[in-house]
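2 protein chains.
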Amino acid sequence: MPAKNAFYAQSGGVTAVINASACGVIETARQHKDKIANVYAGRNGIIGALTEDLIDTSQESDDDIAALRYTPAGAFGSCRYKLKSLEANRREYERLIEVFKAHNIGYFFYNGGGDSADTCYKVSQLSETLGYPVQAIHVPKTVDNDLPITDNCPGFGSVAKYIATSALEASFDVRSMAKTSTKLFVLEVMGRHAGWIAAAGGLIDDHGIPVLVLFPEIEFDQDRFMAKVKAMVEQHGYCTVVVSEGCHWPDGRFLAEQGTKDAFGHAQLGGAAPVVANMVKEALGYKFHWAVADYLQRAARHLASKTDVEQAYATGKAGVEFALAGHNAIMPTIKRVSSDPYRWEVGEAPLSEVANVEKFMPREFITEDGFGITAACKEYLLPLIQGEDYPPFTNGLPRFVTLKNAAVEKKLAAFEL
Amino acid sequence: MPAKNAFYAQSGGVTAVINASACGVIETARQHKDKIANVYAGRNGIIGALTEDLIDTSQESDDDIAALRYTPAGAFGSCRYKLKSLEANRREYERLIEVFKAHNIGYFFYNGGGDSADTCYKVSQLSETLGYPVQAIHVPKTVDNDLPITDNCPGFGSVAKYIATSALEASFDVRSMAKTSTKLFVLEVMGRHAGWIAAAGGLIDDHGIPVLVLFPEIEFDQDRFMAKVKAMVEQHGYCTVVVSEGCHWPDGRFLAEQGTKDAFGHAQLGGAAPVVANMVKEALGYKFHWAVADYLQRAARHLASKTDVEQAYATGKAGVEFALAGHNAIMPTIKRVSSDPYRWEVGEAPLSEVANVEKFMPREFITEDGFGITAACKEYLLPLIQGEDYPPFTNGLPRFVTLKNAAVEKKLAAFEL
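As you go down the protein sequences, you meet chains X and F in turn.
Positions 1 to 417 (full-length UniProt numbering) are the ones given, in order, by the first sequence.
Positions 1 to 417 (full-length UniProt numbering) are the ones given, in order, by the second sequence.
Don't read these hints as lab results, they were simulated from the structure.
A quick note: this is a predicted structure, and the numbers were derived from the prediction, not measured.
Check before you lean on any hint, since a few could be wrong.
Heads up, the list lumps identical chains together, so a pair's fine if it works in one copy or across two of them.
[Stated by the list, open to error] Below are the EDC-like pairs computed for lysine to aspartate or glutamate, each with C-alpha atoms no more than 20 Å apart in a straight line:
id, residue 1, residue 2
1, K306, E388
2, K281, E348
3, K378, D115
4, K281, E257
Can you make the complete structure from the sequences, with help from the hints?
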């Protein structure tokens with residue numbers, strides 16, 4: 001079979017290690033030039049495919065591709081753009097095929113989360129429905145750790161390590177200050193629906209820190225929370241709270257939606273952390289500090305988990321190997337063989353079972369009172385944050401790569417999104 | 001001269017490296033047991049001296065004292081408590097002398113910022129004014145970098161490295177997302193009066209990032225800021241803003257004080273970052289993300305600057321050496337010998353010239369338009385963030401030390417603060 005080209009794109013929110021998956025895809029493809037002539041990356045995700053805005057990765061040096069392994073965020077640009085169903089938007093699928101044909105693309109690697117798995121699944125069906133042969137492989141990526149079947153998602157381990165480390169460090173700080181000043185530290189973390197990242201904050205209780213976790217999976221109960229904070233401060237002198245951005249009231253409203261207005265009458269967008277902090281101040285009078293980590297947590301390549309980097313690379317590599325072995329409509333997964341010592345291998349899952357399924361924290365990973373994590377949860381989490389994998393630093397700052405991202409010459413008429 | 005004991009205390013907001021100074025003090029004192037019999041640490045700063053709540057550091061192993069070098073925050077507890085003048089509160093000074101006498105304390109090492117230098121200076125005068133011989137040495141510490149005479153303050157280099165690295169990583173993230181999603185990222189940093197920390201965020205423009213810095217030294221001009229943001233987003237597709245918590249309007253009001261009320265009519269405490277982000281959204285419609293680093297930045301020992309750790313240790317060590325050489329009422333300083341290559345040595349400054357003086361960013365370190373840093377500023381900042389000094393990690397998290405902090409037996413009646 002003559003060689004075909006591959007299309008690779010990054011989708012949705014980026015992570016500290018999504019480029020490590022890109023590195024795995026491209027380096028592995030380069031080892032099989034007899035079958036994969038070139039990897040074209042979509043500039044800004046699937047939009048690059050639709051607009052025929054392709055990046056010629058063959059123009060990047062081996063060194064620069066290797067540097068993707070330690071460079072955070074999406075080197076080719078990502079996007080938030082979900083393909084509708086074939087019935088609802090046949091035009092876009094026909095355009096994809098037109099672009100694939102024009103550039104001899106036979107492999108489609110899509111690096112993203114749940115929505116992206118759905119897009120990838122739809123593309124995988126193009127062979128059948130529109131008669132164009134393409135093998136579509138979804139490479140898993142999400143800080144939220146909410147993809148099904150796979151034991152964990154590349155991207156999560158690093159944010160978990162960052163949040164646990166940051167919460168530990170800040171807790172040492174508040175412990176120092178508690179006698180005459182700050183008694184409460186509130187750290188807001190990502191995870192609108194699933195509390196995996198917040199759970200990582202719970203790991204610090206094994207380091208002697210009084211910590212409460214507020215999960216999106218548990219309805220917020222203000223009275224019980226206040227009683228917990230009070231008890232912890234009375235016992236330890238201080239308390240750390242890790243609150244998920246998805247923490248919500250029984251009626252579904254997020255804590256962050258306070259219905260507050262600014263001086264001009266506009267709705268004030270705050271975070272959950274200041275809301276929780278002010279609530280405690282109001283009820284108990286404790287001086288507080290709060291932090292919202294936001295992008296810092298998912299971009300923090302300087303503190304990536306070595307395990308996570310290895311798994312991100314491995315799923316990218318496996319994606320290419322599965323494709324070369326003729327697979328279609330699948331996602332490489334991480335299969336846990338054992339927790340202690342931690343051993344894992346790459347498996348695969350059919351995209352039909354991955355697309356649009358969210359994996360939440362199981363109830364048995366959350367303590368009975370709803371404010372902490374159980375031993376089973378720690379056994380699950382700890383292997384994922386093992387090992388450090390520091391990027392090189394030059395002149396005091398990480399030396400990340402910015403690729404040339406040269407465009408492939410267009411062959412088609414323009415396409416309106 | 002028979003050996004005397006030393007008193008050491010940590011004061012004010014803690015840092016990632018204040019314990020490295022403690023390590024320098026205690027390790028150096030241990031090498032001179034003929035002159036310094038023991039180091040008593042104040043539990044929670046000067047409060048520990050006033051309440052005779054002293055920690056016997058001789059009960060800590062050499063290994064645990066060595067581990068202070070890589071443990072963030074204040075190992076003995078800090079406090080926010082400023083001694084009034086001798087005239088205004090003679091009772092507290094007399095109590096200090098009573099405690100010093102009871103525990104044979106002849107050396108006073110106070111590890112803090114500007115307010116603490118003032119306290120230390122007052123204690124240094126006790127020999128003359130109250131007839132008790134004590135040598136008082138101030139060991140500099142502040143993330144704000146606002147102490148005079150010294151070229152820089154231990155604590156600052158690490159927070160600068162953390163902010164520059166975090167801003168760089170998050171900027172790679174927003175650059176990835178900008179096509180269809182986030183175009184503006186706002187990072188709020190510490191520094192109520194002096195913009196040194198914010199300035200560190202400006203270092204990333206040498207890494208190709210369009211970044212604007214909002215300093216407390218420059219009155220906020222909303223129209224000019226908006227024009228800058230617009231121009232940057234139009235040119236680069238995105239923009240990063242690093243805003244100091246001390247950024248304020250021409251009338252002195254902090255940006256963070258928006259006069260907003262929550263649902264119960266209480267004043268809403270937010271940060272400067274959400275205010276700036278919402279302001280841009282309102283004017284230009286850009287989707288944004290914002291982060292407030294708060295304690296994460298000053299506790300981030302995992303990303304400490306090696307230069308900073310070395311200087312923190314060196315000033316602690318020098319403090320003891322100056323005391324043994326008979327000095328009083330001084331602060332060890334960092335003297336810059338050259339910037340490139342960076343060379344420094346320890347000097348000393350009289351406390352009379354340090355106490356209550358704040359050092360702001362010189363105007364020539366800020367670009368003419370007020371939104372960036374100059375080449376001179378970069379030449380000043382870059383040496384301070386050089387080198388990495390990672391703490392050891394065990395099981396995925398940093399292995400920090402928590403000391404035993406055993407109390408010295410009390411000899412005096414209780415004292416009401």
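Evaluated hints:
1. Taking the closest pair of Cα atoms, K306 and E388 come within 20 Å of each other both inside a single copy (5 Å) and across two copies (18 Å).
2. In the homo-oligomer, the alpha carbons of K281 and E348 never lie at most 20 Å apart, since the shortest distance is 49 Å inside one protomer and 42 Å across protomers.
3. With identical chains, the CA atoms of K378 and D115 are never at most 20 Å apart, being 28 Å at best within one copy and 43 Å at best between copies.
4. Taking the shortest alpha-carbon separations for K281 and E257, both the intra-copy value of 18 Å and the inter-copy value of 17 Å come in at or below 20 Å.
In terms of the numbered hints stated before, the structure departs from hints 2, 3, listed from lowest to highest.
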